[in-house]
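Student: Take a look at the letters that make up each chain.
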Amino acid sequence: MGFLALLALLLALPKLVSSYKLLTYTRFLILALMAQGWNFIGGYTGYAAFGNVAYFGIGAYTTGLLMIGKWHVPFFPALAAGALLSACVAILLGLPILRLKGHYFAIATLGVAEALAQVADNWDSLTDGSTGIDLPIKSEGEFFYYTALGFVILGLLATWAFARSKIGYGCVAIREDQDAARMLGINTTLYKGIAYAISAVFAAIAGGITAYQNVHVTPGDFFKIDYTLQMIIATIIGGVGSVAGPVLGAAVYQLLSTYIWGRFIELHPTVLGFIIIFFIVFLPRGLMTVIGRRRKSGERPFKASDLLANVRAHRVT
Amino acid sequence: MGGAELGQIFVNAVLLSGILALVALGFSLVWGIMNIVNLAHGAFIVLGAYITFFLHELLGVDPFLSIPVAMLALFTLGWIVQRGLINQVIKAPLLATFLLTFGLELLIVNLINYFFKADLRSVTTPYSGTGFTLGPVRIPYIRLGALGVSLVLVAALAWFLKSSRTGRAIRATGMDIDAARLTGVKVATIYAATFAIGAGMAGAAGSLLSMIVPFDPTLGGAYTQRAFAICVLGGLGNVANVVIGAAIYAFVDVFVGARLPSLSRAVTFAILVLLLILRPQGIAGKSV
Numbered sequence: 002m003g004f005l006a007l008l009a010l011l012l013a014l015p016k017l018v019s020s021y022k023l024l025t026y027t028r029f030l031i032l033a034l035m036a037q038g039w040n041f042i043g044g045y046t047g048y049a050a051f052g053n054v055a056y057f058g059i060g061a062y063t064t065g066l067l068m069i070g071k072w073h074v075p076f077f078p079a080l081a082a083g084a085l086l087s088a089c090v091a092i093l094l095g096l097p098i099l100r101l102k103g104h105y106f107a108i109a110t111l112g113v114a115e116a117l118a119q120v121a122d123n124w125d126s127l128t129d130g131s132t133g134i135d136l137p138i139k140s141e142g143e144f145f146y147y148t149a150l151g152f153v154i155l156g157l158l159a160t161w162a163f164a165r166s167k168i169g170y171g172c173v174a175i176r177e178d179q180d181a182a183r184m185l186g187i188n189t190t191l192y193k194g195i196a197y198a199i200s201a202v203f204a205a206i207a208g209g210i211t212a213y214q215n216v217h218v219t220p221g222d223f224f225k226i227d228y229t230l231q232m233i234i235a236t237i238i239g240g241v242g243s244v245a246g247p248v249l250g251a252a253v254y255q256l257l258s259t260y261i262w263g264r265f266i267e268l269h270p271t272v273l274g275f276i277i278i279f280f281i282v283f284l285p286r287g288l289m290t291v292i293g294r295r296r297k298s299g300e301r302p303f304k305a306s307d308l309l310a311n312v313r314a315h316r317v318t
Numbered sequence: 147m148g149g150a151e152l153g154q155i156f157v158n159a160v161l162l163s164g165i166l167a168l169v170a171l172g173f174s175l176v177w178g179i180m181n182i183v184n185l186a187h188g189a190f191i192v193l194g195a196y197i198t199f200f201l202h203e204l205l206g207v208d209p210f211l212s213i214p215v216a217m218l219a220l221f222t223l224g225w226i227v228q229r230g231l232i233n234q235v236i237k238a239p240l241l242a243t244f245l246l247t248f249g250l251e252l253l254i255v256n257l258i259n260y261f262f263k264a265d266l267r268s269v270t271t272p273y274s275g276t277g278f279t280l281g282p283v284r285i286p287y288i289r290l291g292a293l294g295v296s297l298v299l300v301a302a303l304a305w306f307l308k309s310s311r312t313g314r315a316i317r318a319t320g321m322d323i324d325a326a327r328l329t330g331v332k333v334a335t336i337y338a339a340t341f342a343i344g345a346g347m348a349g350a351a352g353s354l355l356s357m358i359v360p361f362d363p364t365l366g367g368a369y370t371q372r373a374f375a376i377c378v379l380g381g382l383g384n385v386a387n388v389v390i391g392a393a394i395y396a397f398v399d400v401f402v403g404a405r406l407p408s409l410s411r412a413v414t415f416a417i418l419v420l421l422l423i424l425r426p427q428g429i430a431g432k433s434v
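Chains as they are written, first to last, in my numbering: chain A, 2 to 318; chain B, 147 to 434.
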């Protein structure tokens, strides 16, 4: 019931707010999309992917280059091509990289993203280097809002289905104990590859939509690590490995970010740092634990003292 | 590439490897002992650089003399950060400490930026820019001094870890935390000391870097990545591995930088990723 009301509100939103405000809501949906994608590899599978911005960039450039160039492909087929290419790159890169564990995986993905940014910067004949490319202009804010909203809803359904599928359970098993999962007959390489490819598809779609909306695509804007961080932080704020967590987290993040941008522009990263530290120390499983507990019968409601439970469990004395 | 150019590249790589060893040593110590990849390491380096800069600018302290001050300040900060923040989630899954230190990096760098502005700064002394020539090869005094200081600090830390009581306790904690606790090691204190030493080393590295390269608050990020690459190259475990890793990295970096400047980071990272895939235990080291 509450969900339907929320959906109706989101559908009617472009009629209710100014086009400038709508931009903020569109940004929230794009972030939600990226966070949903990261949740597959980082949340369910437990692999700290730190380079998903690479797929955001690939999606943006593929969409953009197909739409301009000599083909003049329409937006949605171009977007699909970007998603497909990202998935292929993710599988190719994932085969070697997903064999790494822990910190090594995290830094390898970070390195791949950095390297791709430099490639985009230097491949002048294709990407026009750091000057960037310009897409056809489309100024209807509603179009981008509804496109992003549609993908976020699809993402919710996909996450829900994934979490109940054999692959989803396999990925959770890998997160909890990879060796045990392998011994149970789970094809860990395949499952990790699938989760990684899905996360790439989401990032690519987010990148493609952003590219079309921003018109101008440069390596500096579309390969910056900030996007990787935002999707991880949004997922953590909402709740890692939950269906609605990334969307909730993206909403909270965007709210905080917009508010903070407005008030203390120069101290934005400081406040962001505080938010990260707060959530990691006190609410590492995200807001979904606060909301989720109330709803399930048999569990006591969330109390303020639970904030310290994580600290008690994980400190060394 | 002529012989003179080759010689200069070789000397540059040797001079660079000393400071890189210092940068990577603190990082490697924290990682090896506490299993924390400290992404705030770069921010500690920047703080060291600013301490040296302001001591020189405001009080006229010689940059080399300000190194102990930077080390002590960062040692203290490292102790506080470890006891106050990192220790609270140290047993949580890896992503927690990874993100926590990243949040710290963000916060520190932004605060420096806010208070000291993003201007590019450099420490300039009367002997900056002077040096001597050895045949066709030029050696700046400051870089030679930085190499000397780095080697002294690296050797001192190696001795400390090998022979002192605290150093042995640090290594014991890294090997088996429960066994160390049983023999009466105060693990929380040892962790704080380890992290503080790592931060102190970063402070010294920052001091030295401030004399060699112009810097702004974002100087550190690239050095955190280099420290990681060096640890991967050398493998964790002991000081010698870090020095070997730093030397290899310095040579690759300087050679690639001389041939393909615009792609140097892509090439460096490609090598790193390849190495991670082919030889995750490092070139020199034991398994990690």
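By construction, these hints were calculated from the structure, which means they are not laboratory data. Mixed in with the good hints there might be a few duds.
[As the list claims (entries may be wrong)] BS3-like, lysine-lysine: derived pairs with alpha carbons at most 30 Å apart: (1) B/237 - A/102; (2) B/332 - B/237; (3) B/308 - A/225; (4) A/167 - A/71; (5) A/102 - A/22; (6) A/102 - A/16.
Student: Against each hint, give a clear statement of whether it holds in the structure.
Tutor: Now the hints, each set against the structure:
1. B/237 - A/102: Given that 30 Å is the threshold and the Cα spacing comes to 17 Å, the pair holds.
2. B/332 - B/237: holds, 16 Å
3. B/308 - A/225: This hinted pair is violated, its Cα atoms lying about 42 Å apart.
4. A/167 - A/71: Given that 30 Å is the threshold and the Cα spacing comes to 43 Å, the pair is violated.
5. A/102 - A/22: violated, 42 Å
6. A/102 - A/16: Violated, at roughly 48 Å.
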